[in-house]
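The hints should help you fit chain U onto chain Z, whose structure is shown.
2 protein chains.
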Amino acid sequence: MIQPHGGKLVNKIISEDRIPKNVTVLTLNEREKNDLEMIGCGAMSPLEGFMTGSDYNSVVEKMRLENGIVWTLPVVFSLKEDDPQVAVGDTVVLRYQDEIRGMMEVEDIFKADLMHEARETLLTDDEHHPGVQYLKELSGSYIGGKINALDLRDEEPFRDHRLIPEETRILFNKKGWKSIVAFQTRNPIHRAHEYLQKVSLEMVDGLLIHPLVGATKADDIPADVRMKCYETILEKYYPSDRTALSVFPAAMRYAGPREAVFHAILRKNYGCTHFIVGRDHAGVGDYYGTYDAQVIFDNFTPEEIDIIPLKFEHAFYCNACDGMATARTCPHTGADRVFLSGKKVRAMLNDGILPPPEFTRPEIAQILMDAVAK
Amino acid sequence: MIQPHGGKLVNKIISEDRIPKNVTVLTLNEREKNDLEMIGCGAMSPLEGFMTGSDYNSVVEKMRLENGIVWTLPVVFSLKEDDPQVAVGDTVVLRYQDEIRGMMEVEDIFKADLMHEARETLLTDDEHHPGVQYLKELSGSYIGGKINALDLRDEEPFRDHRLIPEETRILFNKKGWKSIVAFQTRNPIHRAHEYLQKVSLEMVDGLLIHPLVGATKADDIPADVRMKCYETILEKYYPSDRTALSVFPAAMRYAGPREAVFHAILRKNYGCTHFIVGRDHAGVGDYYGTYDAQVIFDNFTPEEIDIIPLKFEHAFYCNACDGMATARTCPHTGADRVFLSGKKVRAMLNDGILPPPEFTRPEIAQILMDAVAK
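Protein chains in written order, with this note's numbering: chain Z, 513 to 886; chain U, 513 to 886.
So that you can see chain Z by itself, here it is in the shape it has in the complex:
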């Protein structure tokens, strides 16, 4: 089994009775709630808490933790305007909305230049970028320190598909898979994605469909609709003994290249050996070059990343090929290729037209249309 990032799988899950009474309570926003869950279950190993200033600065400037381990995105807790004052050495309880989610030992309180963070990690400080918008709402003060988290999965949707890294590792072991490719997605699986997954699955033992279900921007398709798509397509079109579906409860950063490495490393913690990186992975708008999220891996040695990035082109159905292909394998022209933009598909669904089966499986088209009609 592949080693977790940094060598040790973190587990910071505690039971509710371990939460101290009568200490300061700080407020998590949605991304921080997601991060707390991810750190707690070991998905963010070797992180044991929200970053202190030295790790934060090292990550922003060098894409590494202070100890040199590759880490490409800040994982930070921001002081909120209405939160009470805290001091280094305090133990604080962390709340999301009305619910206690965990606790933190305050090790560091530090100021950050948020637009510098944006330029380095998101490669832009344009306020139209959803990641920049997020940063613009923060105070500029971060609190770092080790955390503990409650396991509140029983209250969450998709409970059956909410495996933590320990559990996916047990699952892969039970299935006898030695090589496992993870597919990150925040979209329904259309035939283009299915093709990349199946090309990978020809070479490895198992496929983990690992949809991100943490915070996304408002116009992304809701997770419950997507989960229905995943369950349906797996049932109809994938061999059940070689596929697994579990959710990835992280928030999207839309950080493109840096998030591709982040996504890959976190999947290693789940026990995956290969990770699919398509064009413009974790991108948004036109902020990133088509291949930037693939090329960024060249900054690190294969041993540092360890999980193998499988770098693909966009896929399409080609009438002349009579099948799925990419520009790497199809010599024909655009006229032969069935290509629909996301915008076009949304327009078709809104108009009650099912996208063609060369673009998306009919069962998936129907789920999407039903969701639009609601």
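Hints were generated in silico from the structure; no laboratory data involved.
Heads up, the beta-carbon is just placed ideally off N, CA and C, and yes, glycines get one too.
No farther apart than 25 Å at their CA atoms in a straight line, the calculated lysine to any residue pairs in the SDA-like style are these:
(1) Z:K823 to U:D717
(2) Z:K748 to U:R849
(3) Z:K690 to U:P843
(4) U:K748 to Z:A847
(5) U:K687 to Z:D804
(6) U:K748 to Z:T845
(7) U:K623 to U:V537
(8) U:K740 to Z:D834
(9) Z:K687 to U:A839
(10) Z:K748 to U:A847
(11) U:K823 to Z:N685
(12) U:K687 to Z:R791
(13) U:K823 to Z:P814
Taking CB as the label site, the calculated pair distances span:
(14) Z:S853 to U:H640: 58 to 64 Å
(15) Z:D620 to U:K520: 56 to 62 Å
(16) U:N685 to Z:P814: 19 to 25 Å
(17) Z:G864 to U:D672: 53 to 59 Å
(18) U:D625 to Z:Q515: 47 to 53 Å
(19) U:V850 to Z:P734: 34 to 40 Å
Among chain Z residues calculated to face chain U with C-beta under 7 Å, some are:
(20) K710
(21) V711
(22) L713
(23) E714
(24) Y750
(25) P751
(26) G835
(27) M836
(28) R840
(29) T841
(30) P843
Okay, now just chain U, sitting in the frame of chain Z:
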């Protein structure tokens, strides 16, 4: 560029004026003629000649040359009944039919137990096995020693596609390919093969279609018909900037697992980094287990082999998948899958029926039918 097997690309090609006059002339059979060409051009690096007894025995017993380098099949020159006597230290000229092909320094003359060789390397001594039939016709005396070979490619068919390892390496370099997958074949390319090649091509820079055109058994499809198939399918269905066609002038041994490793290692000499190994690679009849030619690679470290074997299942068109797949990626049943045996296809062609486009591209079906009709 990947290192040749053993670290150095051999080149034992000489011009005709270097062939000595008035020395003993020995006779090459067809396989030996192929081997002489392969050794001469460096395709069999690090071999510099036909094997001496110590290398032969080491290869038969341990799948390694005496120096420990992995080598799975004997490459030997057999003394023929009508050949004149030779002694260690002699220089001899090697003739195929009426043509001088090269020369050899006689370093060793040794007896071999040919049926022991058969059992170890072919895993059978059944006389119906074409490799056993070949051995049964030999004298049992082998002559080993370094060779030199003439470059007679201008007299051979498919001259434009007869690149030696030096030349394929230059070609790959010119094309900017860093990763190249080789496809060994002694059959036309049907859609099943095309699928395996294209799955590979999604992950690597270039594809070398590398058909074996040396001695094959009589009922294999002739090389000229196959070459027409390869040229046609490449032109119609493959991106020209990512594919190359060149021939592999080796003889078939039908040695299954041992020949799979042999085929892989030789492709490394041509500069390839990946090698497709399907089910029953280089097999014949029912002599080898379905996966034996894939499993055998586990006897060696990845560094010893270096070229990466890509291990695939049989592919087929699946109507329910609406595309090509294998048992690794398709959950549907046999009824959905278009599968035709070689026997069935031959019968269809003989009856003037084109095999369906799900099995073979129409242009290829037509070439095969035209060849049958001749």
